[in-house]
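Whenever a hint applies, use it, and build me the whole structure from the sequences.
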Amino acid sequence: MNNLLNRSLKRFLLYSGLILIAGIPIYYLALSRLWQYELDEHQIILTPEARREDSLLIIGAVTILTVIFFALLLGGFILINRRISRQLWQPFYNTLERIRQFDLNRQQPVEFTPTDIAEFSRLNEALDKLLSANMATYHRQKEFADNASHELQTPIAIAQSKLEVLLQSQPLNDDQFEQIEEALNALSRVSRINKNLLLLTKIENNQYADLETIKLSALVTDILQMLENFLEEKNLRLTTSVQENIEVQGNRILVEILVQNLINNIIRHSPEGSSISISLNKHLLQLTNAGTSPLDAGRLFMRFATTGSHAPGTGLGLAIVKQIADRYRWKIDYQFQNNNHIFSIQF
Amino acid sequence: MKILIVEDEPELAKSIKQYLTTEQYLCEVAYNYAEALEKTDLYSYDCILLDLMLPGGDGMKILRHLKEENKQDGVIIISAKDSLDDKITGLQIGADDYLAKPFHLPELAARIHSVIRRKNFGHSNIIEQNEISVDLLARKVMVNNKEVPLTKKEFDLLLYFISNKNRVISRNALAEHLTGDMADLFDNHHVIYVHIRNLKKKLSDAGSANYLKTLYGTGYKWDI
Numbered sequence: 001m002n003n004l005l006n007r008s009l010k011r012f013l014l015y016s017g018l019i020l021i022a023g024i025p026i027y028y029l030a031l032s033r034l035w036q037y038e039l040d041e042h043q044i045i046l047t048p049e050a051r052r053e054d055s056l057l058i059i060g061a062v063t064i065l066t067v068i069f070f071a072l073l074l075g076g077f078i079l080i081n082r083r084i085s086r087q088l089w090q091p092f093y094n095t096l097e098r099i100r101q102f103d104l105n106r107q108q109p110v111e112f113t114p115t116d117i118a119e120f121s122r123l124n125e126a127l128d129k130l131l132s133a134n135m136a137t138y139h140r141q142k143e144f145a146d147n148a149s150h151e152l153q154t155p156i157a158i159a160q161s162k163l164e165v166l167l168q169s170q171p172l173n174d175d176q177f178e179q180i181e182e183a184l185n186a187l188s189r190v191s192r193i194n195k196n197l198l199l200l201t202k203i204e205n206n207q208y209a210d211l212e213t214i215k216l217s218a219l220v221t222d223i224l225q226m227l228e229n230f231l232e233e234k235n236l237r238l239t240t241s242v243q244e245n246i247e248v249q250g251n252r253i254l255v256e257i258l259v260q261n262l263i264n265n266i267i268r269h270s271p272e273g274s275s276i277s278i279s280l281n282k283h284l285l286q287l288t289n290a291g292t293s294p295l296d297a298g299r300l301f302m303r304f305a306t307t308g309s310h311a312p313g314t315g316l317g318l319a320i321v322k323q324i325a326d327r328y329r330w331k332i333d334y335q336f337q338n339n340n341h342i343f344s345i346q347f
Numbered sequence: 001m002k003i004l005i006v007e008d009e010p011e012l013a014k015s016i017k018q019y020l021t022t023e024q025y026l027c028e029v030a031y032n033y034a035e036a037l038e039k040t041d042l043y044s045y046d047c048i049l050l051d052l053m054l055p056g057g058d059g060m061k062i063l064r065h066l067k068e069e070n071k072q073d074g075v076i077i078i079s080a081k082d083s084l085d086d087k088i089t090g091l092q093i094g095a096d097d098y099l100a101k102p103f104h105l106p107e108l109a110a111r112i113h114s115v116i117r118r119k120n121f122g123h124s125n126i127i128e129q130n131e132i133s134v135d136l137l138a139r140k141v142m143v144n145n146k147e148v149p150l151t152k153k154e155f156d157l158l159l160y161f162i163s164n165k166n167r168v169i170s171r172n173a174l175a176e177h178l179t180g181d182m183a184d185l186f187d188n189h190h191v192i193y194v195h196i197r198n199l200k201k202k203l204s205d206a207g208s209a210n211y212l213k214t215l216y217g218t219g220y221k222w223d224i
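Residue numbers (the UniProt record's numbering), protein chains in the order written: chain P, 1 to 347; chain U, 1 to 224.
Hints in this document: simulated from the structure, not taken from any laboratory. Please read these numbers as outputs of a predicted model, since none were measured by experiment. Don't take each hint at face value.
[To be verified] If you only want the chain U side, here are some residues facing chain P, beta carbon under 10 Å, derived: (1) 14; (2) 80; (3) 104; (4) 218.
Ideal placement from N, C-alpha and C gives every residue a C-beta, glycine not left out.
Okay, here's the thing in structure tokens:
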């Protein structure tokens, strides 16, 4: 990558070099013509050796002069260039630095240094407008996510509580109980879907922007430990090869959600008594579980793509994984080999 | 035991009140900020259920006010906001617990139970129920003065039942109590069944009467 000014400097130097080099034959011609004219005027006749010696002298002098001038030009250009870049472009670099430090999440307006150069002043104005609009949109969306959560969770809470109160009424027969229980199950699912959709909105809205170093090895081990009961209850055999001290950069909450969703996913979709394996090294997190037929890799990571009447999940787990992976430019991949589903994340 | 329900949604407040109104809980309801402030100033409660977004003001302000006045009421925030920030802020100001909407009423009852127990720590951290006694601090269960070794899940289940005694509990509520957000990890509630069976067996082997009744095929009730 070239700096703006270095790029123009190169062109200038190339051009002046060319002019100077092209100047050598012209100087030579002009000087030898003048020399010839003087010789003729004073009727001096030179021997061929002396004539050759003179032209060599002329060429030598012209070349030396050219080189001196070129060096002067070069030095001058570099000096002037430095000065220009320091003074003229300073407002531009100021603006650049301000924008680089801008963080939508912090909701701090950017204050540009005032400049008397019309173009930069216009640039700052335009950027200021753009950023303010962005911040307003961000704010509105964040507010919407919060409100949506409130507006939806409350009616779900009411319906759920009514059913639970109904459950206490006596007498209730088996059939009625079952109907209420099924309605409660459906409501729980709605509420989980709602929570996950809100999470997706929040990720999209950049509400988890802060970065930190996360010890991925420890995180994977912790989550596996937390899920130990589920493994036991489904009688799953777990093999792990987790390298120690693997670290990634990311938001703690998001990375946790990513790992947890992936592990939940393979636990949920593994047949009872089968084996699962998880491996982690510097560049790759890979999860393998048994399966009977390949999944539709093209749709797997889309929202609600895997939802079916048989699946207890919300259909958003993998969409959330993808969203988080995309955010950190991690490559997510699915393969089906030897009756195994293999999910991998490349860091 | 007096409980104040601060909740602007009358239907929800009504259900909570209906569920909690038993011989041991007396419930009052405040529907807005001013009402809540008035009631908390005038009376004291064993537990206050506090919604955050209220007509007339933010529930968080009520919480701050309570803490400034050095009131000893237990507070459980019940809010539709479930972002980490809100939880942390609420707990830092001094709420005893935070429950995001929607919640199961048995879950709420269990949390209230535990907040009140903790507040009245000095004289009773042991719950007695006929031949069963539960030591909340040591997390130990005794039947006829003999310890019954329970796993963490079985202990949690027992507490959940005791906090909701004489009420019908659905398997769905039990599953969510035990696994939280991971309740959707299993398509059936087989796991709950296994834990309940083990708990029942351990208690009856130790000589306890059978209080844990199975109802309608999938529901449960701690009958006492």
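Outcome of the hint check:
Annotation: interface hint on residue 14 of chain U holds; nearest CB of chain P at approximately 9 Å, less than 10 Å. Using the Cβ-Cβ criterion of 10 Å, the hint placing residue 80 of chain U at the interface with chain P is satisfied: the shortest such distance is roughly 4 Å. At its closest, the beta carbon of residue 104 of chain U sits 6 Å from a beta carbon of chain P; the interface hint therefore holds under the 10 Å criterion. Satisfaction of the interface hint for residue 218 of chain U is found here, the shortest Cβ-Cβ separation to chain P being roughly 6 Å, below the 10 Å cut-off.
When each numbered hint is compared with the structure, no violation occurs for any of them.
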